[in-house]
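Order-wise, the sequence lines are chains A and B. My numbering numbers the first residue of the first sequence as 333 and each following residue consecutively. My numbering numbers the first residue of the second sequence as 333 and each following residue consecutively.
Simulated from the structure, these hints should not be mistaken for lab results. A couple of the hints might just be wrong.
The list cannot tell twin chains apart, which means a pair is met if one copy fits it or any two copies do.
Unchecked claim - Here are the simulated lysine-lysine pairs, DSSO-like style, with alpha carbons at most 27 Å apart:
{"no.": "1", "residue 1": "Lys595", "residue 2": "Lys409"}
{"no.": "2", "residue 1": "Lys507", "residue 2": "Lys416"}
{"no.": "3", "residue 1": "Lys589", "residue 2": "Lys374"}
{"no.": "4", "residue 1": "Lys507", "residue 2": "Lys481"}
{"no.": "5", "residue 1": "Lys481", "residue 2": "Lys393"}
{"no.": "6", "residue 1": "Lys481", "residue 2": "Lys542"}
{"no.": "7", "residue 1": "Lys391", "residue 2": "Lys481"}
{"no.": "8", "residue 1": "Lys393", "residue 2": "Lys542"}
Number of protein chains: 2
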Amino acid sequence: MAIRIGIYGYGNLGRGVELACKQNADMEVVGVFTRRDPASVKTQTGVPVYAANDVFEMKDKIDVMILCGGSSTDLPKQTPELAKAFNVVDSFDTHANIPTHVAAVDAAAMLSKKTATVSVGWDPGMFSLMRAYALSVLPDGQTYTFWGKGVSQGHSDAIRRIDGVQDAKQYTIPKEEALSAVRAGDNPELSTRDKHIRVCYVVAKEGADKAKIERTIVEMPNYFADYDTTVHFISQEELNRDHAGLPHGGLVIRTGKTGADGKHKHVVEYRLQLDSNAEFTASVLVAYARATYRLNQEGGYGCKTALDIPPVYLFAGHRDTLIAELL
Amino acid sequence: MAIRIGIYGYGNLGRGVELACKQNADMEVVGVFTRRDPASVKTQTGVPVYAANDVFEMKDKIDVMILCGGSSTDLPKQTPELAKAFNVVDSFDTHANIPTHVAAVDAAAMLSKKTATVSVGWDPGMFSLMRAYALSVLPDGQTYTFWGKGVSQGHSDAIRRIDGVQDAKQYTIPKEEALSAVRAGDNPELSTRDKHIRVCYVVAKEGADKAKIERTIVEMPNYFADYDTTVHFISQEELNRDHAGLPHGGLVIRTGKTGADGKHKHVVEYRLQLDSNAEFTASVLVAYARATYRLNQEGGYGCKTALDIPPVYLFAGHRDTLIAELL
Numbered sequence: 333m334a335i336r337i338g339i340y341g342y343g344n345l346g347r348g349v350e351l352a353c354k355q356n357a358d359m360e361v362v363g364v365f366t367r368r369d370p371a372s373v374k375t376q377t378g379v380p381v382y383a384a385n386d387v388f389e390m391k392d393k394i395d396v397m398i399l400c401g402g403s404s405t406d407l408p409k410q411t412p413e414l415a416k417a418f419n420v421v422d423s424f425d426t427h428a429n430i431p432t433h434v435a436a437v438d439a440a441a442m443l444s445k446k447t448a449t450v451s452v453g454w455d456p457g458m459f460s461l462m463r464a465y466a467l468s469v470l471p472d473g474q475t476y477t478f479w480g481k482g483v484s485q486g487h488s489d490a491i492r493r494i495d496g497v498q499d500a501k502q503y504t505i506p507k508e509e510a511l512s513a514v515r516a517g518d519n520p521e522l523s524t525r526d527k528h529i530r531v532c533y534v535v536a537k538e539g540a541d542k543a544k545i546e547r548t549i550v551e552m553p554n555y556f557a558d559y560d561t562t563v564h565f566i567s568q569e570e571l572n573r574d575h576a577g578l579p580h581g582g583l584v585i586r587t588g589k590t591g592a593d594g595k596h597k598h599v600v601e602y603r604l605q606l607d608s609n610a611e612f613t614a615s616v617l618v619a620y621a622r623a624t625y626r627l628n629q630e631g632g633y634g635c636k637t638a639l640d641i642p643p644v645y646l647f648a649g650h651r652d653t654l655i656a657e658l659l
Numbered sequence: 333m334a335i336r337i338g339i340y341g342y343g344n345l346g347r348g349v350e351l352a353c354k355q356n357a358d359m360e361v362v363g364v365f366t367r368r369d370p371a372s373v374k375t376q377t378g379v380p381v382y383a384a385n386d387v388f389e390m391k392d393k394i395d396v397m398i399l400c401g402g403s404s405t406d407l408p409k410q411t412p413e414l415a416k417a418f419n420v421v422d423s424f425d426t427h428a429n430i431p432t433h434v435a436a437v438d439a440a441a442m443l444s445k446k447t448a449t450v451s452v453g454w455d456p457g458m459f460s461l462m463r464a465y466a467l468s469v470l471p472d473g474q475t476y477t478f479w480g481k482g483v484s485q486g487h488s489d490a491i492r493r494i495d496g497v498q499d500a501k502q503y504t505i506p507k508e509e510a511l512s513a514v515r516a517g518d519n520p521e522l523s524t525r526d527k528h529i530r531v532c533y534v535v536a537k538e539g540a541d542k543a544k545i546e547r548t549i550v551e552m553p554n555y556f557a558d559y560d561t562t563v564h565f566i567s568q569e570e571l572n573r574d575h576a577g578l579p580h581g582g583l584v585i586r587t588g589k590t591g592a593d594g595k596h597k598h599v600v601e602y603r604l605q606l607d608s609n610a611e612f613t614a615s616v617l618v619a620y621a622r623a624t625y626r627l628n629q630e631g632g633y634g635c636k637t638a639l640d641i642p643p644v645y646l647f648a649g650h651r652d653t654l655i656a657e658l659l
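Chain A on its own, in the form it takes in the complex (with noise of 0.2 Å):
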């Protein structure tokens, strides 16, 4: 019988859950839950969409929900409101208070005897294993963590607001000389400067001050100061032909030292190339509700993280097949 799947919040990510549980036979969606009105709401795949708040009453029909709301309001609330009455996986992502949200969901599952995975995605989740493998692996060495190539929306946003923007995408690219630098096993100091570049196309309105828009982006304290960043300026075709996707990605690098005097130096190198961000994110938190599926039915309550939880749970097949195959 397959995992029944309910997804909470039905945009980007959402609608990539829906699409990435068609890629796993073990999986069904069995609703949509959304605070819109269901009625205006249409699936890709004709699957039923409810209110958020009749959730509750689907309580007997889900087996794992799969939360795609945002990490600033959204995911704090509703991951421990809905693990009162649901095994559930979120992505949350805002990593200062991630021990905070940990702790509210699992008082939340322990008491109702449920499992929640929170914080799976790609960062946090697959580069949180890689540095936690690798650090546990060479414990004398550094772990650098690098972001892109890929769009940065929070950025992209805040140029949007700019007085005369019509529209702009933002792109955050690691610098070849800081890779460079971090894969020879040099240990480098790098500021915020020294680790990405920032390269915005924008699309003027009709008339607008283009220099003062430059400068209003490059001098813009917290998003781009700190950077070294380009702007391009383009037309609305040309941003809706070339940079119409949402790509992201990036790496985590760990060099370390072993034997004696630490003469040998060693390189582990973990890289994402993403055609979408969301639809990527998808995918890790489908994974992952597998695990916490069977995490609760062991009797494994409360609230994990990609950290907590053996590979093998991941995986569709048996542990027998794994091993034979994959080892």
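Mind docking chain B on chain A? Use the hints.
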């Protein structure tokens, strides 16, 4: 109190384990076990040396025994045998025989209520983890494993056995064209010859027939005939100076598709570049020795692989630290 480690077998790997334990404050090596005369063996850090035959006398003084013998004849016997009295970790790497090995070790460890972790190193081991995670997250895709640039000791030995050869070193190197095609998401069908080249540095004995040596290498079945192989004749001085180390490494790359009609491509790439094959493998063994000890304390008996163990068990510190700092 530190985890008390025993090292069974004292070649390159055993020596690497001894040094790796020095990098982990929660580990203490209490003894090295050798089939040689213990009086003839001097350890690098002053660890006492015992006869392998006396190992069971140390039953209560060792928390985890790390087995450092070879996969062809040592480990298939030693790991199940020692699991009768010790928690054990090995790097058994004959892929085809892993299921049999797991079964034999599991039977022994379940009886003794010990925990055994087998086949940890980098392949099998870290590479297995990467294959399993990537497959689980991107079920619609293809995985490729490449080895090198690195020294293959088996191939180097095969060259040394040729008449007229004094010494030799063989490097396995992934083909750049193959890596590019895989990274591009083309899902290429790659033959053995397509994936790797073999480069040999050979010292010929005085007066030896170099043309004949080269032909013998290039045409050697199983070892070289299926590859593009290059042979360089150099002096013993050059070999000693430029090819003394045993570096290795490789890549696991999975490309997969998501979304409507699979229109979004994703590339997951894990790369290792290791100055010392043995010392990195030793570092993985030591991290899994910690996990093995913890599992046993919790009653997790029997035979485990890297796929069965939550990442957090490898980390020296507390789970809360890992969640706060690395997630």
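Comparing the hints with the structure gives:
{"no.": "1", "hint": "Lys595 <-> Lys409", "in the structure": "neither (50 Å within a copy, 34 Å between copies)"}
{"no.": "2", "hint": "Lys507 <-> Lys416", "in the structure": "neither (45 Å within a copy, 53 Å between copies)"}
{"no.": "3", "hint": "Lys589 <-> Lys374", "in the structure": "between (54 Å within a copy, 24 Å between copies)"}
{"no.": "4", "hint": "Lys507 <-> Lys481", "in the structure": "both (10 Å within a copy, 25 Å between copies)"}
{"no.": "5", "hint": "Lys481 <-> Lys393", "in the structure": "neither (41 Å within a copy, 52 Å between copies)"}
{"no.": "6", "hint": "Lys481 <-> Lys542", "in the structure": "within (25 Å within a copy, 50 Å between copies)"}
{"no.": "7", "hint": "Lys391 <-> Lys481", "in the structure": "neither (41 Å within a copy, 54 Å between copies)"}
{"no.": "8", "hint": "Lys393 <-> Lys542", "in the structure": "neither (55 Å within a copy, 75 Å between copies)"}
Checked against the numbered hints above, the structure violates hints 1, 2, 5, 7 and 8; every other hint is satisfied.
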